[in-house]
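J.: Now for the letters of each chain:
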Amino acid sequence: MASETAAPVVLTRARRKTTVPAGERITGGVSQAVLIVCAAVVVLPFLWTFMSSFKTSKQVLQSPFTLPDTLHFENYVNAWTQAGIGTFFVNTLIVVGGALVLTMVMGSMCAYFLARFRFIGNRAIYLLMVAGLTFPIFLAIVPLFFILKGLGLLGTLPGLAITYSAFALPFTVFFMVPFFRALPASVTEAAAIDGAGEWRTFFSIMVPMARPAISTLAILNFVGLWNQFLLPVALNPDQSKYVLTQGMAAFAGTAGYSIDFGALFAAVVMTILPVLIVYLVFQRALSGSVVIGADK
Amino acid sequence: MTGIAPTLPTAGGPSRAARWRRKNLTVDKVSFAAVFLGVPLLVYVVLVLSPFVQAVGYSLTSWSGFDASTPFVGLANYVKAFTDDDFVQAVQNSVTLVLVLPIAIIAAALALASLVTIGGSSSGPVRGVKGGEFYRVLLFFPYIIPAIAVGIMWNQIYDPSNGLLNGILTAVGLNGFASYPWLGDARTAMIATMFVMFWASVGFYVVIFVAAIKALPAEIFEAARLDGAGRFRIATRITVPMLRANIRTSLIYTGIFSLDAFVFMSALNAGGGPQNSTLVISQELFKTAFTKGQFGYACAMGVVLAAITLLFAGVVFLVDRLTGGREDLTEE
Numbered sequence: 001m002a003s004e005t006a007a008p009v010v011l012t013r014a015r016r017k018t019t020v021p022a023g024e025r026i027t028g029g030v031s032q033a034v035l036i037v038c039a040a041v042v043v044l045p046f047l048w049t050f051m052s053s054f055k056t057s058k059q060v061l062q063s064p065f066t067l068p069d070t071l072h073f074e075n076y077v078n079a080w081t082q083a084g085i086g087t088f089f090v091n092t093l094i095v096v097g098g099a100l101v102l103t104m105v106m107g108s109m110c111a112y113f114l115a116r117f118r119f120i121g122n123r124a125i126y127l128l129m130v131a132g133l134t135f136p137i138f139l140a141i142v143p144l145f146f147i148l149k150g151l152g153l154l155g156t157l158p159g160l161a162i163t164y165s166a167f168a169l170p171f172t173v174f175f176m177v178p179f180f181r182a183l184p185a186s187v188t189e190a191a192a193i194d195g196a197g198e199w200r201t202f203f204s205i206m207v208p209m210a211r212p213a214i215s216t217l218a219i220l221n222f223v224g225l226w227n228q229f230l231l232p233v234a235l236n237p238d239q240s241k242y243v244l245t246q247g248m249a250a251f252a253g254t255a256g257y258s259i260d261f262g263a264l265f266a267a268v269v270m271t272i273l274p275v276l277i278v279y280l281v282f283q284r285a286l287s288g289s290v291v292i293g294a295d296k
Numbered sequence: 001m002t003g004i005a006p007t008l009p010t011a012g013g014p015s016r017a018a019r020w021r022r023k024n025l026t027v028d029k030v031s032f033a034a035v036f037l038g039v040p041l042l043v044y045v046v047l048v049l050s051p052f053v054q055a056v057g058y059s060l061t062s063w064s065g066f067d068a069s070t071p072f073v074g075l076a077n078y079v080k081a082f083t084d085d086d087f088v089q090a091v092q093n094s095v096t097l098v099l100v101l102p103i104a105i106i107a108a109a110l111a112l113a114s115l116v117t118i119g120g121s122s123s124g125p126v127r128g129v130k131g132g133e134f135y136r137v138l139l140f141f142p143y144i145i146p147a148i149a150v151g152i153m154w155n156q157i158y159d160p161s162n163g164l165l166n167g168i169l170t171a172v173g174l175n176g177f178a179s180y181p182w183l184g185d186a187r188t189a190m191i192a193t194m195f196v197m198f199w200a201s202v203g204f205y206v207v208i209f210v211a212a213i214k215a216l217p218a219e220i221f222e223a224a225r226l227d228g229a230g231r232f233r234i235a236t237r238i239t240v241p242m243l244r245a246n247i248r249t250s251l252i253y254t255g256i257f258s259l260d261a262f263v264f265m266s267a268l269n270a271g272g273g274p275q276n277s278t279l280v281i282s283q284e285l286f287k288t289a290f291t292k293g294q295f296g297y298a299c300a301m302g303v304v305l306a307a308i309t310l311l312f313a314g315v316v317f318l319v320d321r322l323t324g325g326r327e328d329l330t331e332e
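Just so you know, the protein sequences line up as chains A and B, in that order. Per UniProt numbering, the very first residue in the first sequence carries number 1; after that it's consecutive. Per UniProt numbering, the very first residue in the second sequence carries number 1; after that it's consecutive.
The set of hints was computed from the structure by calculation and includes no laboratory data. Watch out, some of these pointers could steer you wrong.
For lysine to aspartate or glutamate, the following DMTMM-like pairs were computed, each having C-alpha atoms within a straight-line distance of at most 25 Å [to be verified]:
id : chain 1 : residue 1 : chain 2 : residue 2
1  : B       : Lys-287   : A       : Asp-194
2  : A       : Lys-241   : A       : Asp-260
3  : B       : Lys-287   : B       : Asp-85
4  : B       : Lys-130   : B       : Asp-67
5  : B       : Lys-287   : B       : Asp-86
6  : B       : Lys-292   : B       : Asp-84
7  : B       : Lys-292   : B       : Asp-86
8  : A       : Lys-149   : B       : Asp-67
9  : B       : Lys-29    : A       : Glu-189
10 : B       : Lys-292   : A       : Asp-238
11 : A       : Lys-149   : A       : Asp-238
12 : B       : Lys-292   : B       : Asp-67
13 : A       : Lys-58    : A       : Glu-74
14 : B       : Lys-292   : B       : Asp-85
15 : B       : Lys-29    : A       : Asp-194
Chain A on its own, in the form it takes in the complex:
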């Protein structure tokens, strides 16, 4: 046994040594070097921002490399209270939380219906939904402003949440339809024979079966909703109701040099942190779900 397995290994090694010259090691080294440089370009800005978030404005203006003399945690306090990041954070949690629930409930219901029931117009509705993925949102933004105004939802957190979820629907339906279509029909038939109605079948059979798809889409939607920028900037003019992204823009835009740089860096760190945590915790599931998207 041992000799049988050992022999080919030796053989391949020998062949590689003769056919692939020293260039092999150089190519390998270059590949590694390229990736290391890329990794540094990704990581350095974050590390620098993190370090700067502990400096005073004066130290920030001194040199990009001076280390903070002590960890100025007051930057975080200032950003949270004076710059209003705390309020924006809470608003964001409300809007994104509400929008996420709405998106997942409406998206999976709609996708389920489109995937598993045949009726006239099914295909047309599906295409209409998917078309929403490609329109530039800027075309819609002006009429949308007045629609929300007419509904009395302009500048309100619930109005913002429902708008977020309306714009997240196409993406959610697009990815959920193939998933529901792939679930075996026998399950619904068995449920029907056992006397379960449509509602029951969906909530006690389909939703549990679709949990992997629902949870990965929830993560992707969370990131997307958290990062939403144009919708709040255009539709949420009241400063007390700002969400994080628009609050950040307002904070950074206030005034060139009178700005509290330490607090600005701290605010950036606090905006990044929630998504970083979600990403690191669910990283595996997230990459997996991108694979689903890559097929189409």
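Take the given structure of chain A and dock chain B to it, following the hints.
T.: Relative to chain A, chain B alone:
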């Protein structure tokens, strides 16, 4: 059997789905359809679909938004747009972005994905470079953090005197950059902005391409290598043609991303940059609508933006068709 709601599958693809018959309608089913299809559809039509349609209508009016009057002006807004120097500049900048960024992002993403998946040592099985998985996770990270945070961070990095970039450049002896304003000089503002957008999005496409390459049968790479193909040749002659469908979709998405660019511009040069060198359509539209209150005119700008988006998608499909032909290895 006939009393049971979802009829048994007949034949073919979507046959699994139940067919609805009028005589079978019960309270359960009607309420189910109303809520499951009706509610999401209503929200979608009111908040997403109807604004798009209305925008086209508004673009033909000189509506100011403050009263109900929407005076019809025909194509006057479009004529005005293309005689407006700022808007023409914005269109040029947006077109520059959409011509440069998608290709740069996709090319770099393909190269990195190839390194991560098939760039490894050419002895033994085909594999990526050491730690490929780690790089894939790391490179994806900029994509998930809010674009506004990315923009603000890079605005600080580009800062002429306190920024990280000039700090590094002077530290390695390039003193000419001691206080060079990357975002404040019309020669570099656009390139610096493009780099930030590139930085923020390339990782996403690396992940997509890594997944797609891993889905390809490994024998293809083994066979190519036995035939003496090197890593570069494998990447250009095998990976790229086989990922044709993914590349096409990714190009269209990066195109939409490049034509928007609003967040990045807001963070890096909110006013349009030195000599309007980074002014894009979306910024001009936003300003026209929400600070000038010229809603009809802003909608016309939106239609122009949508038209450019469609044109870009059309070009991508056309090029794909022209270069693909029968050599197309994908299943589509």
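J.: List, from low to high, the hint numbers that the structure doesn't satisfy.
T.: 1 and 4
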